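**Q** Build the complex: two chains, separate frames, hints provided.
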Amino acid sequence: MTATATPALGRTAGPAAGNALAGTGRLVRFALRRDRVRIPVWLAALTLGSVWPAAAFPELYPTEAARRTAMATMNSPAGLAFTGPQRYLSDYHYGSMVSHQLLGFVVVFVGIMSVLLVTRHTRAEEETGRAELVRAAPVGRHAQLAAALILAVAVNAALAILLALGMGALGLEGTTWQGSLLYGAAHAATGVTFAGVAAVTVQLTAHSRGASGMGFAVVGAAYLVRAAGDSADSALSWASPIGWAQQTFPYLDDRWWPLLLNLAAAAVLAAAGFALSLRRDLGAGLRAARRGRPAASRLLATPLGFALRLHRGMLIGFAVGALLLGASYGPFLGDIEEMFRDIQVLQDALAALGGATVIDSFIAMVTTIFTLVATVHVVITALRPRSEETAGRAEPVLATGLSRTRWLASHLAVALAGGPVMLLLSGLALAATGAPTVAETGLFGKAVAAAAVHIPALWVTAGLAVALVGWLPRATVLAWLFVGYVGVTGYLGMLLRLPSWATALSPFSHVPRLPVEDFTWTPLLALTAIAAALIALGLYGFRRRDLETK
Amino acid sequence: MTAAIATSGLVKTFGATRALDGLDLTVNAGEVHGFLGPNGAGKSTTIRILLGILRADAGSVTVLGGDPWADAVALHRRIAYVPGDVELWPNLTGGEAIDLLGSLRGGLNRRRRDELIERFDLDPSKKGRTYSKGNRQKVAIVAALASDAELLLLDEPTAGLDPLMEVVFQEVIREVKAAGRTVLLSSHILAQVEKLADRISIIRQGRIVQSGTLAEMRHLTRTTVEADTATPVTGLDRLPGVHDAEVSGTRVRFAVDGAHLDGAIKHLTAFGIRALTSHPPTLEELMLRHYGDDLAAGNGTAAARR
Ligand SMILES: Nc1ncnc2c1ncn2[C@@H]1O[C@H](COP(=O)(O)OP(=O)(O)OP(=O)(O)O)[C@@H](O)[C@H]1O
Ligand SMILES: [Mg+2]
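Heads up: the protein sequence lines correspond to chains G and C, in order.
To convert, note that position 17 of the first sequence is 17 in my numbering; the numbers rise steadily by one, no gaps.
To convert, note that position 302 of the second sequence is 302 in my numbering; the numbers rise steadily by one, no gaps.
Since the hints were derived computationally from the structure, they do not count as laboratory data.
A few of these clues could be false.
With a straight-line cut-off of 25 Å between C-alpha atoms, the simulated DSS-like cross-links for lysine-lysine are [claimed, not checked]:
id : chain 1 : residue 1 : chain 2 : residue 2
1  : C       : K195      : C       : K133
2  : C       : K195      : C       : K177
3  : C       : K127      : G       : K550
4  : C       : K195      : G       : K550
Bear in mind that the values here come from a model prediction, so they are computed numbers and not experimental data.
For reference, chain C alone in the conformation it holds in the complex (with noise of 0.2 Å):
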């Protein structure tokens, strides 16, 4: 597989702030590629500079094969992006600004502009101000998804948009993966990455600090279990893994390292199951266990982080 997105050691300082300390970023051609970070993380500024927007003091980019800085416009006809903050021109309708940047971007496919438009119920004839933040938003994400674009760069594209638009966004988003583009979507809205990203890349404080697929995350993490059984358990503090034990008649609950799911379900069955759940962890424990320091120093999970 080839990378659509390599960048390695990626330094980027604003005066005095630091905004991307050393990231290693790689995003696989064909894939939908999560990035997660809080607040300030870096995730404008990476892919300000995956646009050749913004120029890193240090480290090396190749996007699609070649250099964003130097390439830039060779690159961008094959790039499309989803700007955090969509910003239109006050008097262009939203229809116009769609083409203008089609067009700029070296022509669109009409036919998918005017599904799209349908698709997100988008009114293609207001002018810039008089549209509401999610619909703004939607213009952006029509004009970059109309476009035959290799590669999509989206920073947040659907903080602002409805629940219903973000269904229609999920179902764009895997059409465009089926057609084996590449997709880079910065998001905090886990859910939503969770549901599209094949790999996922957690970035804090300008480095990335984890990076793979969701199954691989979450074999470094662990499992919630809670279990109905014939009598009481005993012996669960004793298992290697297991964490949290609480215990109050015949139910029981724990946390168990994904090493040791096995043996803890077989600790288990000794005492007959009569009913059990079990939930992944969720990506905000994921997150939480990057970015909650205090959190994450008090149990031994060294392994997850570095």
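Here chain G stands alone, though its shape is the one from the complex (with noise of 0.2 Å):
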């Protein structure tokens, strides 16, 4: 009888750490299984993201010639922040300009799917008090944020093994499976040292829009500290874990070590992560709740008011963040005018372009980058109503003397307004950091033109949102891969000459690109009566479909 009894003893009484982690691999089971279609949907765009320029590489760039004019233009500071370390252009071969111009640009979207995968299995799943019911089975207190962990580290293996085979399977000139492998590597390692990030970002705040913001600031914050290091060519890209993975150097040096301090970062913040998970309580972030205001204020109390409340803090923290981006690149427009000055051949190629000047170029390209700051703005404000009705928030306003529409409407002029904001923001903060450095003048009216014709493309995509939220509203996902998809063209299209049929869809590939190009009403006008329907249509489709009610 006790010989029954003391093995189950011994194991009841065991380490303590394998009673934290009791469970887990149920739960990362659970989880792959609750994100069967989000899972392969992520590595799908992810892979295709990298594989499909690059295959497009040998038909941009032909010829030796064309790869060295490539190489020159991407030799200046400007090129350089936007792609990767200079040392990649010593041999610019295909593989060489794969790696420099996509690793870190795509490496951005695997930090935001990590941080969103570790927040989504840990935080959100507290802050739902879903956590509560796991919690209350048999599993460990470690438990969930190491299958959440564990999932990432598993999607990133994937996604290596992927782009490499894809990478492999193209077989472009210069690339090798040694390189291929090292080149998906690094991706997924910085995946999981982004995914380290959540793992401590989640313990901060109760709550998981919160968690998943800070984690997103630090991979942007990631990557304007490579991109501020690698256009001086200083040691600053090795601040950043996206430098990490870009000083591999795939197919040129293969060098894998980098890798190590990505791994090392990881494991140091998961630990930070199950540490400080031990000082707060379940549901509850590291500090406690402050109170409020026992009443509400005048301005509160209407639906705009309202709307603008719950959006306060991601207005407050793109802001904060347009401002830092705009005021990032500033700088560089002294350098640039200065280095292009002495290059002939680059100021020919301009003037044959249309006369422009590296600045006003280098002015367009920003603004691309500021322009999908703003849309993820735009569509995370114009998918908020989604979120209040499956939170089964919106269900008692409606209830009220409010209308949907109304409800609907001051959420979607929030996004309206909020995108242009930032995007202006950014414009702003670009000419007065960049305004000492150059002898130009009417850089604001520049960089502020450039900034507010993408305006009306901003609208399309929160018209399209609204269309969702409107018409399909469990496929409210589609609008982040409208994000994607815009972000991928927008970005190459900076660097190299996408075909038409390729950027066609993405409204930003419509709006003239001032200051280089000149300015034209039409398709100003005609994206904004596209968004307008599109808005018209979401708003219609909201009034006539049932709410989705807990």
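**A** Put into structure tokens, the structure is as follows:
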């Protein structure tokens, strides 16, 4: 009798770590099942987003001369800020071109995916109260975070394999299987680092939005730090996980060891996450929630004021980010002007392009980046009504005298105004920090105009999101695929000339690229009309469908 | 009397689930109407259709003389709602949520708001998730009751309230009723509905299986009688409408259909009644007859069922 009891006792009194992780395996399987659509979509999008443009390289740069020109354009602070370390230029074959131009960019999306994965299976579960149900089962206190991290590692490993296979199968001149493996691994290792970042951010705040927002901010900062480091060819690049990935030089040096930095950082961050989780309660942030006003302000009590209040955190966060982003590119303006003054060939090339100055094309280029950030804000904001709905918070609000149309429209108004504000803030910050470094006058006008022309395309994005909320509420994730598409085509379009069929679906591809191109009304009016139609469609659809209730 | 709510033949399906299956519900203006049913019977679905949050697949609905789907906004100004599952905004305090919902409805009575916060002993300066379940519920209750809405749709409003708070809630509902407002109160808490409701509808599997005043319902059901008599009672079994008679010495216990109560008591008096207690059917018994198919199947009370 005692003999049967002992092993059971031995198990329960076993090492604490084993207990704390009890149930991890089942949770991983459960998470895989929950994400059986989401994960393959991410993997497919990221693999395609990397391999598809790579496949276009031979067509874009068919000759040695074309590659030389590309190399010369990239060899500037601005070019390097957008791509990667200068060392890649030392032998600019297709392999090093792919690593140089795509790695640093695609890795940002890998980071976003990893942050979202970890947040979704940890903090979001706590926020909805589902974690409590799970933890009430024989599941250890660290099991949920451990499962989320294992999931993130597995997904990133799968991505590494897919990328390696994709690049290997392409067999571009200058690529090797060895290099392709490293190319995939560099993405994965960076993704794992950002999963570690999320393991920490989910401990800090009680809200999943806040946790993923902080995670994205770290991804963004990592990109900016490497951009600054690479543009000046300084050691600053080594302060960024994205920088480490790029320092592997796939297809060039095939150096694996910088990825150890990524993995070590991931391990340290994950350990910090586990440690922090012991210092807080389930469902709570590190800091106890503060009390607030016992009554509503007059502003809050209006539909728009209410929407603004819900979006306040995002608005502030994005505004700060937009300003920093703009300000981080401004100081390059001076360098660029100086550098290009000496390179006659490039001046001629630019003149042939319609007499644009280097500064003008730089402004057009960075505005594309600003637009991406604004697009993300627009989609987050325009999809918020959907998450209010699924959380069961829309129901009591829509049971009041507030009509569905007005409710949705107030959130939409924040999206329609907020995106443009972010865009203009970046433009202004670019001009403000750039103005002291260049002789050029009218920089403010140019930067603001370059940003402002993209506003109708932002509205189309908002319209698309709202149309999804109205008609395909379960498929709002399509809005994010759209952001990915706009991002990939926009970013790559900046570096290489993509075929027009590939970019046609992006509203941003139809915007005149001020100040390089001339201003025209037609596309802007057309985009505004499309946006209006999508918005009307979305509002109509939302009025005629069932509200999803809890 | 006009009907505040009238539905007929209401059908709502969710994919393969038929949540409402020809629901006929009438709530008269000025009454407190109990809406009883087991889990998944369709109470919340009905209330959401009454609010125009869901759209019925078939049947007709009139709420305060309007169509809840088409006239949602106009009607909502006259309706207050407490959802079954109260979710608050994590970054808004309870006080802010109350004011927000009130002002979106078209204004709330400030004095009444403060009074209710006081009576429900609610701290309005805490933020969404930091409230306990019962306190979240109170936020929604105060928001609904502080309005001057004509019609209150309350979906299990007291699930999670402690007994003291439930007493407060009952007081407030009585005041609401005295003010001539209409209340639809869904619940599985039978005692609560019993105390407050003028009329009751019982829903099961998406249909109203019974509707009426408590007295009417009791008439259709059995009263349990226990008595102590001078001499042992005989001949009970031969009386119409008497069931489950148990006699042990001078003590007797039986159940009798409402219509035959008089005859049964007269029969008892012949044996010299020393003590008599009778229990009207509790709502549990009422509900059991509709839910426990096997219970109801054995004894001939088909009259109560449809
Ligand atoms: N959105 C939905 N999708 C699918 N089925 C649903 C949905 N909403 C309700 N149902 C189903 O409709 C039926 C009625 O549900 P409803 O929520 O109205 O019950 P209820 O009487 O309020 O129950 P409870 O007492 O548990 O709150 C149930 O079978 C439920 O599973
Ligand atoms: Mg319910």
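**Q** State the violated hints by number, sorted upward, taking the hints as numbered earlier in the document.
**A** Violated: hint 4 alone.
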